[in-house]
Amino acid sequence: MSIDVPMGTSERAASAALVRKMRRQDVIFAVVGVIVLVLVMSLLMALVIDLVHDGIGRINYDFLTHFPSRRAARAGVFSAWVGTTLVMFVTAFLAAPLGIGAGLYLEEYAPKNIFSDIIEINVSNLAGVPSIIYGLLALGIFVYMLGMGPTILVGGMVLALLILPIVIVSTREAIRAVPSGLRESAYGVGCNKWQVMWNYVLPSARPGIITGVIVGLSRAIGETAPIITIGALTFIAFLPESPVQGTPPFVNFDWLQSPFTVMPIQMFNWISRPQPAFHVNAAATGVLLLAMTLAMNGVAIFIRYRLRRALKT
Amino acid sequence: MRTPATARAQVKDLNFWYGKFQALKNINMDIADRRVTAIIGASGCGKSTLLRCFNRIHDLYPGVRYEGAINLQPDGLNLVDKGVDPILVRLLVSMVFQKPNPFPKSIFENVAAGLHVRGIRNKTELEGRVEKALRQAALWDEVKDRLDKSAMELSGGQQQRLCIARALAPEPKLLLLDEPTSALDPIATAKIEELIDTLVHDVTVLIVTHNMAQAARISHYTAFMHLGDLIEFGETQQLFTNPRLGQTQDYITGRFG
Numbered sequence: 001m002s003i004d005v006p007m008g009t010s011e012r013a014a015s016a017a018l019v020r021k022m023r024r025q026d027v028i029f030a031v032v033g034v035i036v037l038v039l040v041m042s043l044l045m046a047l048v049i050d051l052v053h054d055g056i057g058r059i060n061y062d063f064l065t066h067f068p069s070r071r072a073a074r075a076g077v078f079s080a081w082v083g084t085t086l087v088m089f090v091t092a093f094l095a096a097p098l099g100i101g102a103g104l105y106l107e108e109y110a111p112k113n114i115f116s117d118i119i120e121i122n123v124s125n126l127a128g129v130p131s132i133i134y135g136l137l138a139l140g141i142f143v144y145m146l147g148m149g150p151t152i153l154v155g156g157m158v159l160a161l162l163i164l165p166i167v168i169v170s171t172r173e174a175i176r177a178v179p180s181g182l183r184e185s186a187y188g189v190g191c192n193k194w195q196v197m198w199n200y201v202l203p204s205a206r207p208g209i210i211t212g213v214i215v216g217l218s219r220a221i222g223e224t225a226p227i228i229t230i231g232a233l234t235f236i237a238f239l240p241e242s243p244v245q246g247t248p249p250f251v252n253f254d255w256l257q258s259p260f261t262v263m264p265i266q267m268f269n270w271i272s273r274p275q276p277a278f279h280v281n282a283a284a285t286g287v288l289l290l291a292m293t294l295a296m297n298g299v300a301i302f303i304r305y306r307l308r309r310a311l312k313t
Numbered sequence: 001m002r003t004p005a006t007a008r009a010q011v012k013d014l015n016f017w018y019g020k021f022q023a024l025k026n027i028n029m030d031i032a033d034r035r036v037t038a039i040i041g042a043s044g045c046g047k048s049t050l051l052r053c054f055n056r057i058h059d060l061y062p063g064v065r066y067e068g069a070i071n072l073q074p075d076g077l078n079l080v081d082k083g084v085d086p087i088l089v090r091l092l093v094s095m096v097f098q099k100p101n102p103f104p105k106s107i108f109e110n111v112a113a114g115l116h117v118r119g120i121r122n123k124t125e126l127e128g129r130v131e132k133a134l135r136q137a138a139l140w141d142e143v144k145d146r147l148d149k150s151a152m153e154l155s156g157g158q159q160q161r162l163c164i165a166r167a168l169a170p171e172p173k174l175l176l177l178d179e180p181t182s183a184l185d186p187i188a189t190a191k192i193e194e195l196i197d198t199l200v201h202d203v204t205v206l207i208v209t210h211n212m213a214q215a216a217r218i219s220h221y222t223a224f225m226h227l228g229d230l231i232e233f234g235e236t237q238q239l240f241t242n243p244r245l246g247q248t249q250d251y252i253t254g255r256f257g
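Protein chains in written order, with my numbering: chain A, 1 to 313; chain B, 1 to 257.
To be clear, the hints were calculated from the coordinates, so they are not data collected in a lab.
Careful, some of the hints might be misleading.
Computed Cβ-Cβ distance ranges for the label pairs, DEER-style [what the hints assert, rightly or not]: (1) B:Ala42 - A:Pro111: 33 to 41 Å; (2) B:Ala190 - A:Gly128: 55 to 63 Å; (3) A:Ala295 - B:His116: 52 to 60 Å; (4) B:Met152 - A:His53: 42 to 50 Å; (5) B:Asn15 - A:Ser15: 32 to 40 Å; (6) A:Phe89 - B:Thr124: 38 to 46 Å; (7) A:Trp194 - B:Gly19: 24 to 32 Å; (8) A:Met22 - B:Arg135: 54 to 62 Å; (9) B:Asn122 - A:Pro179: 27 to 35 Å; (10) A:Ala295 - B:Tyr61: 37 to 45 Å; (11) A:Lys21 - B:Asn15: 55 to 63 Å; (12) B:Tyr18 - A:Pro111: 16 to 24 Å.
Derived lysine-lysine pairs resembling BS3-like cross-links, with alpha carbons at most 25 Å apart [what the hints assert, rightly or not]: (13) B:Lys82 - B:Lys149; (14) B:Lys173 - B:Lys82; (15) B:Lys99 - B:Lys123; (16) B:Lys99 - A:Lys193; (17) B:Lys82 - A:Lys112; (18) B:Lys105 - B:Lys123; (19) B:Lys149 - B:Lys123; (20) B:Lys191 - B:Lys132; (21) B:Lys132 - B:Lys105; (22) B:Lys132 - B:Lys144; (23) B:Lys144 - B:Lys99; (24) B:Lys105 - A:Lys193; (25) B:Lys173 - B:Lys132; (26) B:Lys82 - A:Lys193; (27) B:Lys173 - A:Lys193; (28) A:Lys112 - B:Lys20; (29) B:Lys99 - B:Lys173; (30) B:Lys82 - B:Lys12.
Quick reminder that beta carbons are idealized off the backbone N, C-alpha and C, glycines included.
Put together the whole structure using the sequences plus the hints.
Right, dumping it as structure tokens:
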């Protein structure tokens, strides 16, 4: 059914031309968008495909369970992936409670004055500080001043410091996105501030907070500079003590004091050798590191999906 | 009109400021016990501001200031006194908001939320009081088989009745309704109006509404506000049929507002 608009022929032609012009604008932007997307994606894909092509053949059970060796064919990433996993564990364990606590405090509890403004600006600035600066800080304070040595604990601590700003900022954003109606209704039933936070605000913000933590960990897992700076070993042929044991108390924290290496360091070490066989090892390590990061993001997506569903249904 | 009621709360010389802006000017009115009192007026007249003084929800935001008193009977506790903890006020006075805002939890947990806060842990008591509140809110028959399902699955009207049940469960001294039907369709609105009519046997209701016909239908007393002033306050029938002031007459007949 058409609506009869009383319009002269010239008016109608003018508006048709205007519509055409507007449509053209839409088409142009869509085309530009597609071109940019294809360009970026193909660059990324080229990098990933090149890496996988070089490294995938080297990945097998032996590669995962062998220590580094002078002979490229016998070398493996056992100590590296165990080190990375343990360091990430420490980092997550430190960065999540500290970052979420600080973010919650800054967003909900801190009085709005010049001090909280200064802290806010500095937290955002810290996110942009080069990671090697954190490494120097950790070397000066943890390793020398406190005499802790280049251990897994210190490695986890420096990476936790590095990602704290990310966790804090994303926690604050997630909390800010909680609708004020939820807060008001929670206060309305008589909750105190802690009850509102713990029972309503934090659960609603959880998907965003978890995303922030995982994004932070994904950054930390690839960091090399601060880990090298604190003096982690580049060649290590033993594992830290196992965190679990057969005799009571069944957990053992000696591994925190152990020297370690991580995947990016192992990669860096191999890539800087002249023999091409080691370069293949480095590519294989790169693929594994990529897989670990993707797995972590996969877990984040899964958790977020589950939580969203839990909140809705 | 039923027999004249005693006052559940007395508003005495109440002034309220958002920062430097005075939103309420010298409000004086009595809220009749177990009656519906409606507050009407154009947008920005301060009717929601007045309602939100009764449970101190303003205190969540910085830069607000109260002066005067809202004395809650029988013991005359001044709800807006600085020395009175807003949490205590909210334990005494429940509120239902404009937009249905159930918690993203089960239906049971929603109604029990206020009871948990008050330290009620006994399962039998919780179940009894949740059922009673849901019956009061005329929702029991619709949800009794799915109390453990998420409240988000309910329709908008059901969600709002759930919020009313949540507000009723702790047996408040006063029930505040802030335009409770403005986000609902006419059928859901009618259900809630019916519900309010039965509620006044047990609770005192203070309702803000945009809808003058609704005020006329459901309230016993009506307050008409304009730019922070209480212009006219009296029995609903009298205010709507024979208002004392020309300004009220103009508003209720739609000549401004």
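Hints, one by one, checked against the model:
Taking the beta carbon of each, Ala42 of chain B and Pro111 of chain A are about 36 Å apart, inside 33 to 41 Å as hinted. Between Ala190 of chain B and Gly128 of chain A the Cβ separation comes to about 58 Å, which falls inside the hinted range of 55 to 63 Å. Our hint of 52 to 60 Å for Ala295 of chain A and His116 of chain B is violated, since their Cβ atoms are close to 38 Å apart. Judged by the Cβ atoms, the range 42 to 50 Å given for Met152 of chain B and His53 of chain A holds: they are separated by roughly 48 Å.
Here the CB-CB span from Asn15 of chain B to Ser15 of chain A is close to 56 Å, at odds with the stated 32 to 40 Å. In this structure the supplied range 38 to 46 Å holds for Phe89 of chain A paired with Thr124 of chain B, their Cβ-Cβ distance being about 44 Å. In this structure the hint that Trp194 of chain A and Gly19 of chain B lie 24 to 32 Å apart at CB holds, the actual value being about 28 Å. A beta carbon spacing of about 57 Å between Met22 of chain A and Arg135 of chain B agrees with the range 54 to 62 Å that was offered as a hint.
Hint check: Asn122 of chain B to Pro179 of chain A, Cβ distance near 32 Å, so the stated range 27 to 35 Å holds. Judged by the Cβ atoms, the range 37 to 45 Å given for Ala295 of chain A and Tyr61 of chain B holds: they are separated by roughly 44 Å. The hint said 55 to 63 Å for the Cβ distance between Lys21 of chain A and Asn15 of chain B, and at roughly 57 Å that hint holds. Range check, Tyr18 of chain B to Pro111 of chain A: Cβ separation about 19 Å, and the 16 to 24 Å hint holds.
For the suggested pair Lys82 of chain B and Lys149 of chain B, the alpha carbons sit about 40 Å apart, so the restraint of at most 25 Å is broken. Pair hint Lys173 of chain B plus Lys82 of chain B holds up; C-alpha atoms about 20 Å apart against a cutoff of 25 Å. Only pairs whose Cα atoms come within 25 Å are accepted, and Lys99 of chain B paired with Lys123 of chain B is rejected, the gap being roughly 30 Å. Restraint check: the Cα-Cα separation between Lys99 of chain B and Lys193 of chain A comes to about 22 Å, which is no more than 25 Å; the hinted pair holds.
Taking the CA atoms of Lys82 of chain B and Lys112 of chain A, the gap is about 21 Å. The hint holds against a cut of 25 Å. Taken as a hint, the Lys105 of chain B and Lys123 of chain B pair is honoured in the structure, with Cα atoms around 18 Å apart against an allowance of 25 Å. Pair hint Lys149 of chain B plus Lys123 of chain B holds up; C-alpha atoms about 18 Å apart against a cutoff of 25 Å. With a CA separation close to 18 Å, the supplied pair Lys191 of chain B and Lys132 of chain B stays within the 25 Å bound.
Under the criterion of a C-alpha separation no larger than 25 Å, the hint pairing Lys132 of chain B with Lys105 of chain B is consistent with the structure, at around 19 Å. Taken as a hint, the Lys132 of chain B and Lys144 of chain B pair is honoured in the structure, with Cα atoms around 11 Å apart against an allowance of 25 Å. A C-alpha spacing of about 23 Å is found between Lys144 of chain B and Lys99 of chain B, which places the hinted pair at or below 25 Å, so the restraint holds. Distance check on the hinted pair: Lys105 of chain B and Lys193 of chain A sit about 19 Å apart at the alpha-carbon level, within 25 Å; holds.
Under the criterion of a C-alpha separation no larger than 25 Å, the hint pairing Lys173 of chain B with Lys132 of chain B is consistent with the structure, at around 16 Å. Of the pairs offered as hints, the one joining Lys82 of chain B and Lys193 of chain A holds, with about 18 Å between alpha carbons and a cut-off of 25 Å not exceeded. Straight-line distance between C-alpha atoms of Lys173 of chain B and Lys193 of chain A comes to about 22 Å, which keeps the hinted pair within the 25 Å bound. With a C-alpha separation of about 18 Å, the suggested pair Lys112 of chain A and Lys20 of chain B falls inside the 25 Å cut-off, and the hint holds.
This hinted pair checks out: Lys99 of chain B and Lys173 of chain B have alpha carbons roughly 23 Å apart, not beyond 25 Å. The hinted pair formed by Lys82 of chain B and Lys12 of chain B meets the criterion: a straight-line CA distance of about 15 Å does not exceed 25 Å.
The earlier numbered hints that this structure contradicts are 3, 5, 13 and 15.
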